[in-house]
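Sequence lines, in order, name chains S and Z. Residues are numbered in my numbering as their position in the first sequence, beginning at 1, plus a constant of 79. Residues are numbered in my numbering as their position in the second sequence, beginning at 1, plus a constant of 79.
It should be emphasised that the hints constitute simulated quantities derived from the structure, not laboratory data. Where hints are given, some of them may not hold.
[As the list claims (entries may be wrong)] Estimated spans, in silico, between C-beta atoms of each pair:
{"id": "1", "chain 1": "Z", "residue 1": "Pro436", "chain 2": "S", "residue 2": "Asp152", "range": "25 to 35 Å"}
{"id": "2", "chain 1": "Z", "residue 1": "Ala468", "chain 2": "S", "residue 2": "Ala183", "range": "46 to 56 Å"}
{"id": "3", "chain 1": "Z", "residue 1": "Ala468", "chain 2": "S", "residue 2": "Arg244", "range": "15 to 25 Å"}
{"id": "4", "chain 1": "S", "residue 1": "Gly222", "chain 2": "Z", "residue 2": "Glu173", "range": "16 to 26 Å"}
{"id": "5", "chain 1": "Z", "residue 1": "Arg185", "chain 2": "S", "residue 2": "Asp152", "range": "18 to 28 Å"}
{"id": "6", "chain 1": "S", "residue 1": "Asn464", "chain 2": "Z", "residue 2": "Arg179", "range": "51 to 61 Å"}
[As the list claims (entries may be wrong)] Here are some chain Z residues the structure puts well away from chain S; computed CB gaps all over 10 Å:
{"id": "7", "residue": "Leu93"}
{"id": "8", "residue": "Gln106"}
{"id": "9", "residue": "Ser119"}
{"id": "10", "residue": "Arg322"}
{"id": "11", "residue": "Ser364"}
{"id": "12", "residue": "Ser370"}
{"id": "13", "residue": "Glu390"}
{"id": "14", "residue": "Ser458"}
Beta carbons: idealized from backbone N, C-alpha and C, even for Gly.
Number of protein chains: 2
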Amino acid sequence: MKAEIIAIGTEILLGEIIDTNSAYIAQQLPELGIDLYYKSVVGDNMGRIKETFERAWNRSNLIITTGGLGPTDDDMTRECVADLFGEEPYVVSELEQRLRSFFASRGYPMPESNIKQAWLIPSARALDNPRGTAPGWWAEKDGRIVVCMPGVPPEMELMWKDHVRPELERRSGSEVLVTRTVKTIGIGEGTVDEMARPLYSTPGIGIGTYARADGVHLRIGAKAPTREEAWHRIIPVEQELDRIFGNAIWGKDEDTFEGHIRTLFADRNRTLAVMESCTGGLLASTLTDVSGAADYFKGGIVTYWTEAKIESGVAPEVIREHGVISAETAIAMAHAVRERMGTDYGLGITGVAGPDPQEDKPVGTVHLGVAGPDGFQSSMSSSFNSGRAAVKRRAVTTAMLLLRRTLLDQR
Amino acid sequence: MKAEIIAIGTEILLGEIIDTNSAYIAQQLPELGIDLYYKSVVGDNMGRIKETFERAWNRSNLIITTGGLGPTDDDMTRECVADLFGEEPYVVSELEQRLRSFFASRGYPMPESNIKQAWLIPSARALDNPRGTAPGWWAEKDGRIVVCMPGVPPEMELMWKDHVRPELERRSGSEVLVTRTVKTIGIGEGTVDEMARPLYSTPGIGIGTYARADGVHLRIGAKAPTREEAWHRIIPVEQELDRIFGNAIWGKDEDTFEGHIRTLFADRNRTLAVMESCTGGLLASTLTDVSGAADYFKGGIVTYWTEAKIESGVAPEVIREHGVISAETAIAMAHAVRERMGTDYGLGITGVAGPDPQEDKPVGTVHLGVAGPDGFQSSMSSSFNSGRAAVKRRAVTTAMLLLRRTLLDQR
Numbered sequence: 080m081k082a083e084i085i086a087i088g089t090e091i092l093l094g095e096i097i098d099t100n101s102a103y104i105a106q107q108l109p110e111l112g113i114d115l116y117y118k119s120v121v122g123d124n125m126g127r128i129k130e131t132f133e134r135a136w137n138r139s140n141l142i143i144t145t146g147g148l149g150p151t152d153d154d155m156t157r158e159c160v161a162d163l164f165g166e167e168p169y170v171v172s173e174l175e176q177r178l179r180s181f182f183a184s185r186g187y188p189m190p191e192s193n194i195k196q197a198w199l200i201p202s203a204r205a206l207d208n209p210r211g212t213a214p215g216w217w218a219e220k221d222g223r224i225v226v227c228m229p230g231v232p233p234e235m236e237l238m239w240k241d242h243v244r245p246e247l248e249r250r251s252g253s254e255v256l257v258t259r260t261v262k263t264i265g266i267g268e269g270t271v272d273e274m275a276r277p278l279y280s281t282p283g284i285g286i287g288t289y290a291r292a293d294g295v296h297l298r299i300g301a302k303a304p305t306r307e308e309a310w311h312r313i314i315p316v317e318q319e320l321d322r323i324f325g326n327a328i329w330g331k332d333e334d335t336f337e338g339h340i341r342t343l344f345a346d347r348n349r350t351l352a353v354m355e356s357c358t359g360g361l362l363a364s365t366l367t368d369v370s371g372a373a374d375y376f377k378g379g380i381v382t383y384w385t386e387a388k389i390e391s392g393v394a395p396e397v398i399r400e401h402g403v404i405s406a407e408t409a410i411a412m413a414h415a416v417r418e419r420m421g422t423d424y425g426l427g428i429t430g431v432a433g434p435d436p437q438e439d440k441p442v443g444t445v446h447l448g449v450a451g452p453d454g455f456q457s458s459m460s461s462s463f464n465s466g467r468a469a470v471k472r473r474a475v476t477t478a479m480l481l482l483r484r485t486l487l488d489q490r
Numbered sequence: 080m081k082a083e084i085i086a087i088g089t090e091i092l093l094g095e096i097i098d099t100n101s102a103y104i105a106q107q108l109p110e111l112g113i114d115l116y117y118k119s120v121v122g123d124n125m126g127r128i129k130e131t132f133e134r135a136w137n138r139s140n141l142i143i144t145t146g147g148l149g150p151t152d153d154d155m156t157r158e159c160v161a162d163l164f165g166e167e168p169y170v171v172s173e174l175e176q177r178l179r180s181f182f183a184s185r186g187y188p189m190p191e192s193n194i195k196q197a198w199l200i201p202s203a204r205a206l207d208n209p210r211g212t213a214p215g216w217w218a219e220k221d222g223r224i225v226v227c228m229p230g231v232p233p234e235m236e237l238m239w240k241d242h243v244r245p246e247l248e249r250r251s252g253s254e255v256l257v258t259r260t261v262k263t264i265g266i267g268e269g270t271v272d273e274m275a276r277p278l279y280s281t282p283g284i285g286i287g288t289y290a291r292a293d294g295v296h297l298r299i300g301a302k303a304p305t306r307e308e309a310w311h312r313i314i315p316v317e318q319e320l321d322r323i324f325g326n327a328i329w330g331k332d333e334d335t336f337e338g339h340i341r342t343l344f345a346d347r348n349r350t351l352a353v354m355e356s357c358t359g360g361l362l363a364s365t366l367t368d369v370s371g372a373a374d375y376f377k378g379g380i381v382t383y384w385t386e387a388k389i390e391s392g393v394a395p396e397v398i399r400e401h402g403v404i405s406a407e408t409a410i411a412m413a414h415a416v417r418e419r420m421g422t423d424y425g426l427g428i429t430g431v432a433g434p435d436p437q438e439d440k441p442v443g444t445v446h447l448g449v450a451g452p453d454g455f456q457s458s459m460s461s462s463f464n465s466g467r468a469a470v471k472r473r474a475v476t477t478a479m480l481l482l483r484r485t486l487l488d489q490r
């Protein structure tokens, strides 16, 4: 099946909203054996939507649209699909009743413009939208399918999961693509590529490398008539990558780096507390993005002022001698928070997030320190050439790297 | 000028990378008086890129592309533009030298495949890329312009700012669009719409309402031959909105809610510290996303464990009597951190981020407390029906709302 995605809406065209729906759908099409060739965005303009629909109709047999299903005159997806199919929309009384009771349950009268949301055409059936007022459309004619979903991401995602994806799964008879992502850290993309190269010629699979914030990912993909056959090709390659990269692999597929850190600590029954300055709490927040973080993460202190660092147990002499932005202060912060919170490990971050330099140290300078049992301590320093938000994010990734290294070394 | 944007790359098509470049460019075109009609994404496939280029060539006079300028066989933007123009690429020795010295400065020999990055065609000139190896192209023929920029966002943005935008500014002679965004909080979109309606018929301007995480935004837009004339139409409307919405307006245009909070505190010479549980540091991190946060924000404590709350000064009796997830505990956290850090105000957040309920309270339950001078205290409770990440984000927005209300009321 040849698919294309059309996102409809002037706000998306003009970049006021980032279109995440298209990426969400696109990621899932390969597993269904559906090839995606084009994505496009078009504003709320009848002529240009129709033109885009017609072109898609001529070159694809599955057209997936998001947006333009609202009640206002600006919402024209239904009108354009009806036009494409050469059919007249009519009001479906069952859908109308559902709409009216939706408004009644909220104590509002239904604006008459909303009646459009109860429309169908003869070739379409409605897709239920429990999270909003706009049902989707599944329209089909001459071997071509047009699926229309709302633009609000939670509404679209539920409709996709409950109705569209299962239906596409039933129909796609051809090959399925199965992928496995192997996530490494600490090795550059060029070297990862070289190390994995002997496997590139394995028949029936494809391997790609992708540099990401949390390291270099290797993606193994296999297309086969069944999911089982595809896995049969992937598994030996995955095992070989496990052997080649060993400890440099921290996770697979949907694993997150914060989840990996949680596992490292929980498996060893160790606890952690952090003291942050330039990252302003982003490390603690990231570590607690994974559920079960409370198994090892007791808490943190955000010492934005130097005074707060001293009040939280950092010796003023260390700061006086080495400066706030120094490896020594980062280590002192790690020791202080470890003691304050009574955890096995403590980690400290101090640096310059910008926009202005501090203590004559340039924006992007970051020092990290870690303290552990038996007087263990270690530090790491980095210099990021980027803006405030990116310095914070990259400092957090580096902190997690330091935690990983520490736990793997300490066993 | 009629523009269209084409993002090139299989990773973007398949949703592995979210295309932020198109939104970045799209947002700036209206100010240049350039109309954007289409955005599309196409994978690394010569036939489909050419097809997309040809269609764009026939309907637009400015085509902006991102991606496909790398050194590998998968990078085909140059080849496709050369084909579109019917011209042969040649190696420019000056560009080649720059490439070779880039690699030399890093101690690597230049892979011969990189030579593509020194190509030009007779109708194109190179656009400098100080952040990478791939220069852009500005190609022009028969009154049509094709601008090719790299896909890596920081490289693209610098090239856009330094070369593409200034050149487009010089050329666009037609009308410019100027917009002013007025940001409100605490009033629903329907009510905002009703209150602003009397202004909708003002000649020469357009007004739209947009529901956002930080409240409802009103955008005033005016198209005019000059920027001055456009402002001349906008200003009286803006003044009228200021009058209608008064205190409900917290900012304009690029203002952020965390910037607004900073101003409220800094203007009153007040300081703040926070104690967070379910948000795990995200409030502190958000407050410090704005530069100058140190003017009022001293620090925070992330008390992820109940034990950490008690060690940080929350009375165990309060927790025993009311539970960890309670307004009473949130207020006690606010008082405790205010005292610990010695600030004018303290704020506490406790809640259930999920995925599991806690103390029989459902996921999404959040209590916030604030404590201030002269025994002032206040609380707010919310229940968010969403996932872990969204609960954290929405709790942070609510906390900032509570801070705003507190400072405006206390004067």
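Contradicted hints - numbers only: Numbers 1, 2, 4, 5, 6, 7, 8, 9, 11, 12 and 13, in rising order.
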